[in-house]
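Trainee: Letter by letter, the chains look like this.
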Amino acid sequence: MSSPILEVRDLCKYFPMGKSGWRGGGQDWLKAVDGVSFDLHPGQTLGLVGESGCGKSTCARTIVGLYPPTSGTIRFKGNDLGSLSPRGWAPYRRKIQMIFQDPFASLDPRQTVGSILTEPMAIHKLGKPRDRRLRSMQLLEAVGLNPRHLYRYPHEFSGGQRQRIGIARALALEPEVIICDEPVSALDVSIQAQVINLLGELQEQFNLAYLFIAHDLAVVRHICQQVAVMYLGRVVEVADRDTLFANPSHPYTRSLLSAVPHVDPEVESVRQRIVLRGDVPSPLDPPSGCTFHPRCPEQDQVQGDRCSVEVPLLQSCGSGDQQRTCHLDT
Amino acid sequence: MALLDVNDLRVRFETHHGTVRAVDGVSFSLDEGETLGLVGESGSGKSVTNLGIMGLVPSPPGVVEAGHVLLEGRDLVQMSDAQLRGVRGNEVSMIFQDPMTSLNPLLTIERQLTEVLELHRNMTRAEARRAAAKGLDEVGIPEPERRLDQYPHELSGGMRQRVMIAMGLLCEPKLLLADEPTTALDVTIQAQILELMKDLQERRGTAIILVTHDLGVVAGMADRVHVMYAGRLVETGPIGPLFKDPRHPYTRGLLQSVPRLTGDPDVALDSIPGQPPDLAALPPGCSFAPRCGFAKPTCELDRPALDLIPSQDSRSSACFETENLLGESDQ
Chain L
1 MSSPILEVRD LCKYFPMGKS GWRGGGQDWL KAVDGVSFDL HPGQTLGLVG ESGCGKSTCA
61 RTIVGLYPPT SGTIRFKGND LGSLSPRGWA PYRRKIQMIF QDPFASLDPR QTVGSILTEP
121 MAIHKLGKPR DRRLRSMQLL EAVGLNPRHL YRYPHEFSGG QRQRIGIARA LALEPEVIIC
181 DEPVSALDVS IQAQVINLLG ELQEQFNLAY LFIAHDLAVV RHICQQVAVM YLGRVVEVAD
241 RDTLFANPSH PYTRSLLSAV PHVDPEVESV RQRIVLRGDV PSPLDPPSGC TFHPRCPEQD
301 QVQGDRCSVE VPLLQSCGSG DQQRTCHLDT
Chain E
1 MALLDVNDLR VRFETHHGTV RAVDGVSFSL DEGETLGLVG ESGSGKSVTN LGIMGLVPSP
61 PGVVEAGHVL LEGRDLVQMS DAQLRGVRGN EVSMIFQDPM TSLNPLLTIE RQLTEVLELH
121 RNMTRAEARR AAAKGLDEVG IPEPERRLDQ YPHELSGGMR QRVMIAMGLL CEPKLLLADE
181 PTTALDVTIQ AQILELMKDL QERRGTAIIL VTHDLGVVAG MADRVHVMYA GRLVETGPIG
241 PLFKDPRHPY TRGLLQSVPR LTGDPDVALD SIPGQPPDLA ALPPGCSFAP RCGFAKPTCE
301 LDRPALDLIP SQDSRSSACF ETENLLGESD Q
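Protein chains in written order, with the working numbering: chain L, 1 to 330; chain E, 1 to 331.
The set of hints was computed from the structure by calculation and includes no laboratory data.
Be aware that one or more of the hints could be misleading.
[Stated by the list, open to error] Over 12 angstroms on every C-beta distance to chain L, these chain E residues come out as not near it, computed from the model:
hint	residue
1	Gly-33
2	Leu-51
3	Gly-73
4	Leu-107
5	Tyr-151
6	Pro-238
7	Pro-241
8	Phe-294
9	Ala-295
10	Gln-312
[As the list claims (entries may be wrong)] Here are the simulated EDC-like pairs of lysine to aspartate or glutamate, each with C-alpha atoms no more than 16 angstroms apart in a straight line:
hint	chain 1	residue 1	chain 2	residue 2
11	E	Lys-244	L	Glu-266
12	E	Lys-244	L	Glu-268
13	E	Lys-244	L	Asp-285
[Unchecked claim] From the derived model, a few chain E residues whose C-beta atoms are all more than 10 angstroms from chain L:
hint	residue
14	Glu-110
15	Arg-129
16	Arg-260
Model, not experiment: these values are computed from the prediction.
We put the CB at the ideal spot given by N, CA and C, even for glycine.
So here's chain L without its partners, still in its complex pose (with noise of 0.2 angstroms):
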């Protein structure tokens, strides 16, 4: 397999929380993201899932620098960004782009589409004005919309559009790694099919990696070659997509598993269910030991406490180079 072309290692993201202890002199840490690794190879796409406030956004935000990391290491083709000053970091973000979410926040309102497609070129001084318009032309092409919109604003266009406007947007500079950060979520079904086309399209015609961030594991299916789980900041097991959804094996990928509901009527009727027992705790005051026990549905399998004291290690897991974070059978 080719040498990786974005190696995050135990990267941490902790938010300052207020004062705890005698006087304020204990300082709390909301811990975001709390030591996840992976490596992401060109024209490939990697697939983080788990539920809201399991830090995957920050995840993202962090890989991008909007946030500085609090340690650990993000890697851009061997060279460290994490030590990078602002402006070192500047023709990075240029092969690091992001897609965001919610369409209608992430466009200015008061830009043109030509406006919103060449700042980006400007700023990183990419060819003269009149190449950045035609450059714009052709990604309004690329991306499925009528080149001859450049000059409207985007209340003009529907949400499905509109992404595709972020979409173009990330493009400009040529970039090799986008973060997708929940880029269809907010997409009725049939605008979703067409833009999940689009980004499959588009890798193989760019030779992007896609980091891809997704809460809907039937989507991540469709797009990912690998898959990681996290879970209160952690990365819980990482595996190829077909492991994975075949043979998941940590706890929580299996009950996350389940309770997808299916598309079809005669599965729904007869599927069992694992319904997890409460609540994602806070990750203010993260549970000890494996921070997934107090909702595990198998800890009773594991002898003694360990699951409430040790926390478990990612570790190699049944076939290939699935790994998980888990006391089962070990």
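Given the coordinates of chain L, assemble chain E onto it according to the supplied hints.
Mentor: Frame of chain L; chain E shown alone:
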């Protein structure tokens, strides 16, 4: 007699862009203990249909133009506000989509739950509190007594949605209108809430109208499905046959464009081309014709009516080409 009979319901909104017919002649009926799934994309009129049944269409700009909503023979559309207040929350109740905004942030959970009981059941506050605690317990909220004294912001999203459901069920309604009850929730919490709704329905025989865009949720919950597009019902029928062998091109497109957990993931999804129509400027013929792969020029002239599909049990479709759109079972 059916529990609920909706007959030719029409709701229009007067907007700056013109008249929007959000619900354009919707008719259906619902029996006791039955679950009806109302599916469609945003703007198809499914939520407004629910609001129309409850008499909650905001006016202005909304106008309920015509139609009857018969609940056990009594017409809700003709009722005065005072009469409606006796029905809402009592015989018919509603669960809204967003548990973050549909609870009053200034009132304790207790006050929000006891209000319906004091109003409809003439309970004293103390009796109502006991009943409310029992209601919270039934929907699986631990320590209900403590929760009663809390405010909505102290609860998680899943908890708030449980409070909404508990509130909706306190007076043991005959009909529950659930508008995207799990859309704002994570899948594991969604699974809990759906199990809970099913369980409560089995125990009490409540009829449910489940409005959702999530075809998976409908597949697990509903007995019958009604598919809406641009304010009209385009296909109706029992859930099994409709999902297995959809007869309206829109239903077919919708089902084919959903990513699934089974089947070959590397095949590109079939998407429906184009954009949902602008309701203020609908084409004169079939609203779906501009996006339809089976459309003939004649489809753009007249609106197809919702007709029974020949040789199919209690299934209807609003399409001129239904006969030519044969399913697997007929080939």
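Trainee: Which numbered hints does this structure break?
Mentor: Hints 6, 7, 13 and 16 contradicted; others consistent.
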